[in-house]
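With the hints as your guide, set chain B onto chain A.
Number of protein chains: 2
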Amino acid sequence: MLLIGEFYKLAFFTKIHSMRQRLTVEAYTAGILSGDRIILSRAITLTESRLKNDRALAKKVLENILPFTGKSLRIGISGVPGVGKSTFIEAFGRHVTGLGMKIAVLSIDPSSKKSGGSILADKTRMENLAHDPLAYIRPSAAGPSLGGVAKNTRETILLCEAAGYEVIIIETVGVGQSETLVRGMSDFFLLLMLAGAGDELQGIKKGIMEMADAVAINKADGMNQVLAEQAVGEYRNALHLFPKPESGVDTQVLTCSALEGTGIAALWELIRKYQETTLQNGYFDQNRRNQNLEWMHDHIRQTLEEQFYENSILKKAVKTTEKSVSEGRELPVAAAERLLEFFFKNRI
Amino acid sequence: MLLIGEFYKLAFFTKIHSMRQRLTVEAYTAGILSGDRIILSRAITLTESRLKNDRALAKKVLENILPFTGKSLRIGISGVPGVGKSTFIEAFGRHVTGLGMKIAVLSIDPSSKKSGGSILADKTRMENLAHDPLAYIRPSAAGPSLGGVAKNTRETILLCEAAGYEVIIIETVGVGQSETLVRGMSDFFLLLMLAGAGDELQGIKKGIMEMADAVAINKADGMNQVLAEQAVGEYRNALHLFPKPESGVDTQVLTCSALEGTGIAALWELIRKYQETTLQNGYFDQNRRNQNLEWMHDHIRQTLEEQFYENSILKKAVKTTEKSVSEGRELPVAAAERLLEFFFKNRI
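Here the protein sequences come in this chain order: A and B.
Each residue of the first sequence is one higher than the one before, starting from 7 at the first, in my numbering.
Each residue of the second sequence is one higher than the one before, starting from 7 at the first, in my numbering.
Worth double-checking, as some hints may not be accurate.
Same chains, same label: a pair holds when it works inside one copy or across any pair of copies.
What the hints assert, rightly or not - Distance condition first, Cα-Cα at most 35 Å in a straight line; then the derived DSBU-like pairs of lysine-lysine: (1) LYS322 - LYS66; (2) LYS321 - LYS77; (3) LYS325 - LYS77; (4) LYS66 - LYS329; (5) LYS77 - LYS322; (6) LYS77 - LYS66; (7) LYS322 - LYS108; (8) LYS77 - LYS250; (9) LYS329 - LYS250; (10) LYS77 - LYS58; (11) LYS58 - LYS325; (12) LYS351 - LYS325; (13) LYS351 - LYS250; (14) LYS108 - LYS321; (15) LYS279 - LYS321; (16) LYS321 - LYS66; (17) LYS351 - LYS58; (18) LYS250 - LYS58.
Keep in mind the hints are simulated off the structure, nothing from the lab.
Chain A on its own, in the form it takes in the complex (with noise of 0.2 Å):
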């Protein structure tokens, strides 16, 4: 393997200076496992094109990097808004760039299928941890739908793996589908919660709280240490009502200050200890194999489901159909086998 690595080193950096644009297959996968962030980022925005000889491009890196990945620990981090969770990720990053490992922290956004761009993950929210030479901190992933937003932030984990980070951190708000799918690509799942803010108010989404390997109670500090304890206690207590995690390991809950940096380490203790209790029995490791056959799995939905609903000739008809279908006037299974013949029919 690191034969093959020096041969892309090589190859990399004897064509890197003529490239502008795009760059070989060879230099992509030569800056990567050199750990060059420029073209690291580069090759992510190389995967994220919707452009046919991009995405063509973009799957011979992917190919050729795919024996460097998987070696790290994949973190999932959710929270709403206020939750306090740029600074939270931050004083963890720096903890665990203090130990000497390489971090690297992306984005799920819900949004930015509508925007194009990303709220969540700017860099000047965390600007010491993005100037920690052992750090890269990625804006969101930008995608056609937030199944497209899943697929990217998928490889562009393959390819800060390939680039050396040892652990990788996804974040995400609180809100919408995007916890399962952070969730569906994460090792461990961490739960950001505030204490006494009321979880209506917090606005978690059914079913959240039960996919988490942690709760934190996080600005447990100054006045709210006191709530906080009380949260950690409630939260126990809830968490108690439901079935054990198929990972074997108990969902914890604990409290942290990121502004006074509590809490911090002993978390990361806990998440090294998921993770060599799930290495030894077993679930980690079939967890990565399910997620693998999830994702392929996914994808074919999705592609199906895009040349369906992507069909411009149906467009419409959908529309119409939708209307009458919701109002009760036609079948919704006579509706639907209606619009799928009009599909096979004409797609191909």
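Showing chain B alone in chain A's frame:
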């Protein structure tokens, strides 16, 4: 509407006695609208058939009865084996028929796709209710997949409504995805639980409790009563940690004893109150409209996936690919695209 009903009744009485296996569209329609239980059962069997002719016939029957559907109150009920679901539904059903209303009991059994039959909806489980002239019990729908079972159950709901059933119970067991399906076709979702059984033992799946419009602690009788009251408190606290339901009505927790018949009337009142409130705030109709749309889109998605995964040439390739993908030897997206290309080239 009544005139149409009368017309079908006439058509029915003149034709029914000369038929054997399959009836005419008119005979099915008239039989259902006149509330004939035998014709209703035969119509349900017809909609479950996968034969092309039967499906065309069923489609016409469903289209005919469509204007007479939608008037019932659809109640989903879930709870793991041992929670006393049959006894509960019997007591609840007898209470409803005691008020002079017609009730139908359907079931979605996750195991039925395998066995082709049902362990769940055996009429012998609810013997008293089965002999009640105002009650109709239909064993679990069969189908090639859980999605197929759901499709059949949705159509059975429509047929029962056209046959004049005012309350429809859709029951399922607290395992797997069947709750989500039942929730997606109910106006009200009731979760039956036991006190002190330990939720891990009760096997409630993640996210189920949060779907409930009410949680009823069953078997609150004898020595169990104190434990049941304690459980009510615990669940209320836990539910407090979740966001307010979209319906605008807080999830209720109460005790009942199907054996002693206590709590049943209160539960019925609670459900009627829920219906009243959600009819007023618009959620009831909005929910029905959304469910219709979901039904259509589910059917589209399922059909597209069936076309792909049931493709005989593709099946073997999918299996081999799953192995290389899960082991990380092939990129999930690249693998998916290879399979999709093959599908679109060979399908049509």
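Hint check:
1. LYS322 - LYS66: between (37 Å within a copy, 25 Å between copies)
2. LYS321 - LYS77: between (43 Å within a copy, 31 Å between copies)
3. LYS325 - LYS77: Between copies only: 26 Å across chains, 46 Å inside a chain, cut-off 35 Å.
4. LYS66 - LYS329: between (44 Å within a copy, 21 Å between copies)
5. LYS77 - LYS322: between (47 Å within a copy, 30 Å between copies)
6. LYS77 - LYS66: The answer is within: 20 Å in one copy meets 35 Å, while 57 Å across copies does not.
7. LYS322 - LYS108: neither (49 Å within a copy, 41 Å between copies)
8. LYS77 - LYS250: For LYS77 and LYS250, the Cα distance is within 35 Å only inside one copy (27 Å; across copies 41 Å).
9. LYS329 - LYS250: between (43 Å within a copy, 29 Å between copies)
10. LYS77 - LYS58: Answer is within: at 30 Å inside a copy they meet the 35 Å cutoff, but 52 Å across does not.
11. LYS58 - LYS325: So LYS58 and LYS325 pass the 35 Å test inside a copy (29 Å) and across (28 Å) alike.
12. LYS351 - LYS325: both (19 Å within a copy, 28 Å between copies)
13. LYS351 - LYS250: Intra 49 Å, inter 45 Å, cutoff 35 Å: neither.
14. LYS108 - LYS321: neither (46 Å within a copy, 42 Å between copies)
15. LYS279 - LYS321: Intra 50 Å, inter 40 Å, cutoff 35 Å: neither.
16. LYS321 - LYS66: The answer is both: 34 Å in one copy and 26 Å across copies each meet 35 Å.
17. LYS351 - LYS58: Close inside one copy (26 Å) and across copies (19 Å); limit 35 Å.
18. LYS250 - LYS58: neither (45 Å within a copy, 46 Å between copies)
In summary, the structure is inconsistent with hints 7, 13, 14, 15 and 18 from the numbered list given earlier, while agreeing with the others.
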